[in-house]
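Enquirer: For reference, the chains in residue letters:
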Amino acid sequence: MGKIEDLDFKKNSLRKINNFLQNINYKNNKRDFILKNPKGLHAICAGLTENISVNIKGHVGYYCGGMNQKAHITINGNAGTGLGENMMSGLIHVKGNTSQSTGATAHGGTIIVDGDASSRCGISMKGIDIIIKGSVGHMSGFMAQSGTLLICGDAGEALGDSIYETVIYLAGKPKSLGVDCIEKKMNKKDIKKIEDLLKTGKIKNLKVNNFKKFGSQRKLYNFNIDNISDY
Amino acid sequence: MCGIVGLYLKKKTLHNKLGFYLSGMLDNMSSRGPDSAGFAIYNNKESKKNYKYSLCLNKTLSRGFEQDIKKNFKDITVKNISDHIVVCTSATPKKFISYIQRNFSEISLVGYGRSIEIFKQVGNPKEIVKKFKLEKFSGSHAIGHTRMATESAITVDGSHPYSTGEDECLVHNGSLSNHNNLRRQLIKQGKNFDSLNDTEVAAGYISQKLSENKSMKKTLTECLTDLDGFYTFIAGTNKGFAVLRDEIACKPAVIAENNDYVAVASEFQAMAHLPYVNKSNIYEPKPGVVYTWGK
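Each protein sequence line maps, in turn, to chains A and B. Numbering of the first sequence is given in the working numbering, commencing with residue 28 and proceeding in unit increments. Numbering of the second sequence is given in the working numbering, commencing with residue 33 and proceeding in unit increments.
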């Protein structure tokens, strides 16, 4: 463990702090950072590439932790639109709620949200694991391609609309399912995956059998001549 | 883009800080709207008998105008700030507004009512807030807007808030696609419009419904069926304000509520400077749901 360094947005500009975190010099052995007074600023901790730990004390704005690789980011507050957008690896843990498009297009790593995520959570996700301990808003999992979206609460309208191969595990109820999204039968792999995610998210009040599995009916994959009049 | 903000103070002791808090909110929303800015302040301090008319002088000289109206109307007081004038008088809207329109065609009426005062200008929000000395304003609630112009020109006429009825105003983040049709319908019903802006149509629509004695909640619910497009609205009256997001909810909004105030803004950073905001109940208004605060 290296020593913890405090960085304050009241004293330093966003660009300066991001630049610093994006270019960590490992030789001086600092790997833990605390960010103070984030004031809802956008793009905090975007583009981190190293295995460092960042603890943000407050609410953040849009695209926090975007494109993240390896870094572990904890947010003690709420996050705005596009949290962890296009993230590649690492972990983002939000202790409050998140706004729309959480984990959009993200390829890998894990996002944990202790509260709710609003609309379009996991839109076009491409391999990330997203764990939402609360509920999600409408159009979540829209065109989601791979990875896993685990929701402990309910889901808004059109869950998994036009979904590809992302798997959604939902403990609550969806207001409605989107086009081509259906409930599916669980297999051993699913049970193992849910157990792993519950462990990662430190979720103790729910068990595997609380969840239902949703995924693609794969009817939109190929052109259907019966739909010709729709084009 | 565009940034919208609203602040409702629950405690009278805070009323003298309204302008100070709101100026910080508008300043923080400059990034969402650098083209123009405006704000509406609700303040019931003046005598309830009188009307307040917020006027933008444009190129008219204030001295000549002041002398003229003081000659023609009784018990008149005038507050002159930057290129705006707030006239306080017992003269009825019908009489006063038609007088202005007849004799001072260059002057535009920004809004009127018993408690509302509206100011708007083209330019950077930070400078506009300074020019109008917003920090010094007091009142119970206020609404503001920073504009990134999309569908009509960068002019005072194209700036928010839009006021289309007594003590009413509207700010809008988004764009409407059926405003031309709706404008034609409202003109047939007797509404007047000063600009080609989509938000002015939405404001006119809301005023029309309110004048039919519909509640704000019912009026905004009807917006969901009659207005086509993207929007987050903050609609103000002398009683308070209401918030509505369309059902697709692409346009952001966040609310912070505690025992002292309710703050609404496009982004959290607009309210990061407010006292105890981190300890407030912070949430996003749900799509298609009307939220109201006030007396």
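Hints listed in this document are in silico derivations from the structure and should not be mistaken for laboratory results. None of these values were measured; they are calculated from a predicted model. For glycine and all other residues, C-beta sits at the position ideal for the given N, C-alpha and C. Treat the hints loosely; a few may be bogus.
The calculated label-pair distances, taken between Cβ atoms and stated as ranges, are [as the list claims (entries may be wrong)]: (1) A:N64 x B:E98: 39 to 49 angstroms; (2) A:K216 x B:E254: 27 to 37 angstroms; (3) A:R42 x B:S170: 33 to 43 angstroms; (4) B:S170 x A:K37: 40 to 50 angstroms; (5) A:N64 x B:D292: 15 to 25 angstroms.
To list a few chain B residues with every Cβ distance to chain A over 10 angstroms, as calculated [as the list claims (entries may be wrong)]: (6) N135; (7) A185; (8) K318.
Enquirer: Taking the earlier hints as the rules, which of them does this structure contradict?
Expert: 2, 4, 8
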